[in-house]
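Peer 1: Residue numbers (our numbering), protein chains in the order written: chain A, 24 to 253; chain B, 24 to 253.
Mixed in with the good hints there might be a few duds.
Pairs count within a copy or across copies, as identical chains cannot be separated in the list.
[To be verified] Derived DSSO-like pairs: lysine-lysine, alpha-carbon spacing no greater than 27 angstroms straight-line:
1) K247 with K201
2) K62 with K159
3) K200 with K65
4) K25 with K200
5) K112 with K159
6) K201 with K56
Keep in mind the hints are simulated off the structure, nothing from the lab.
There are 2 protein chains.
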Amino acid sequence: MKIGILGTGVVGQTIAEKLAQLEHQVMMGTRDKQTTLAKTGKDNFGRPAVSEWLKNNSKIQLGTYSESASFGEFLVNATSGMVSLDALKVAGENNIGNKVLLDISNPLDFSKGMPPTLTVCNTDSLAEQIQRTFPKSKVVKSLNTLTAMLMVNPGLLPEPTNIFMNGNDSGAKAEVKKLLMSFGWNDNDIIDMGDISTARGTEQILPIWIRLWGTLQTPMFNFKIVVGGK
Amino acid sequence: MKIGILGTGVVGQTIAEKLAQLEHQVMMGTRDKQTTLAKTGKDNFGRPAVSEWLKNNSKIQLGTYSESASFGEFLVNATSGMVSLDALKVAGENNIGNKVLLDISNPLDFSKGMPPTLTVCNTDSLAEQIQRTFPKSKVVKSLNTLTAMLMVNPGLLPEPTNIFMNGNDSGAKAEVKKLLMSFGWNDNDIIDMGDISTARGTEQILPIWIRLWGTLQTPMFNFKIVVGGK
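Chain A on its own, in the form it takes in the complex (with noise of 0.2 angstroms):
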């Protein structure tokens, strides 16, 4: 499949390199490639630049948010929450069509510093937005509610853990659990939550996140939800 992903950075990167070692084709799409090819260094997470990091996946390309769009059959955005709305406007609307969208964006606003707030939440969400924004395009919410390295490699936990879908469009709920097994999760394990505007429930779990990253020490964690009794 060729797939588009908005933004470049560590969710962008483990999901592209995730995809590309399943033989699919992957473009990632920056807003503006010379700035982004121009980083040195390793980022906040001890990624490596852009540019080093594509020698080492040659078979990822780069290219603008609209580049990136248009390549896509399927579209993934994993840019910050803040900037998502803004960098689908950029990659177009008419590129995104009526494509499916896995958006995995957080609206985290960490410009008051740490724990960061939510830019949208309890009577809206982000997804939601988004779905507003491209009435035609299939938003389908997961993947927000772990860090990167997990949501590709779930087996790295000792027990099996969930993950949450949220999305209008039952067709596009299914192209993405299709691709979620892929990457090693359990059909069981997928919760469809329903309708988009579910997203609120798990957009709105970050705040908890956030605080047991701080308390645990390791982002390397997730949710199970144990259900029985009578």
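Please arrange chain B on chain A, whose structure you already have, making use of the hints.
Peer 2: Here is chain B on its own, set in the frame of chain A:
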């Protein structure tokens, strides 16, 4: 221990029953005893009216909010989040004093239908509002992230799950932890997330809890934080 529980709903009743079983002296507090005692039939959760329930729980006393707060050496806020601050004001700052106040309430607004929204979130929490309103009290948020029956019977689930604690006073958190352990929670499964502001995280888990309740068609579930990998 003498324990005052504000609120006579399903949470208040469930906690009161457990505490009475554990040989604590319990007084439940309500806004207006006559109104509460005049209720008949079953509530929305299929529980008997308070007057019926008291006949089967004869060791548990019923008082006003202020009588209950005065009676207890340790207090529990089991009122609906939307009325918690008002109920605590009626209970009286002098009666609350510098006691430990276990806050189980959730700031859920059901007035606009399902799913409810939060009356406070993101940059504040109900637990913080209570702590600010009663600065001498030692507010500890806990137990608000699961259904009442599981609060006092975590072993009903097929495997250990997690419970969170938020509060500024470490002595108060130690007292609450001891109580939680007497309810059946394992030491290692109680996660102390830090000061009372971390309640923003646990209160904002409710939007996903509510939706999971709908998806799973049962409230008998809880979150387990699975940690691992390198």
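Peer 1: If a hint holds in the structure, say so; if it does not, say that too.
Peer 2: Verification of the hints:
no.	hint	verdict
1	K247 with K201	both (20 angstroms within a copy, 25 angstroms between copies)
2	K62 with K159	neither (35 angstroms within a copy, 52 angstroms between copies)
3	K200 with K65	neither (33 angstroms within a copy, 42 angstroms between copies)
4	K25 with K200	within (17 angstroms within a copy, 52 angstroms between copies)
5	K112 with K159	within (14 angstroms within a copy, 51 angstroms between copies)
6	K201 with K56	neither (31 angstroms within a copy, 57 angstroms between copies)
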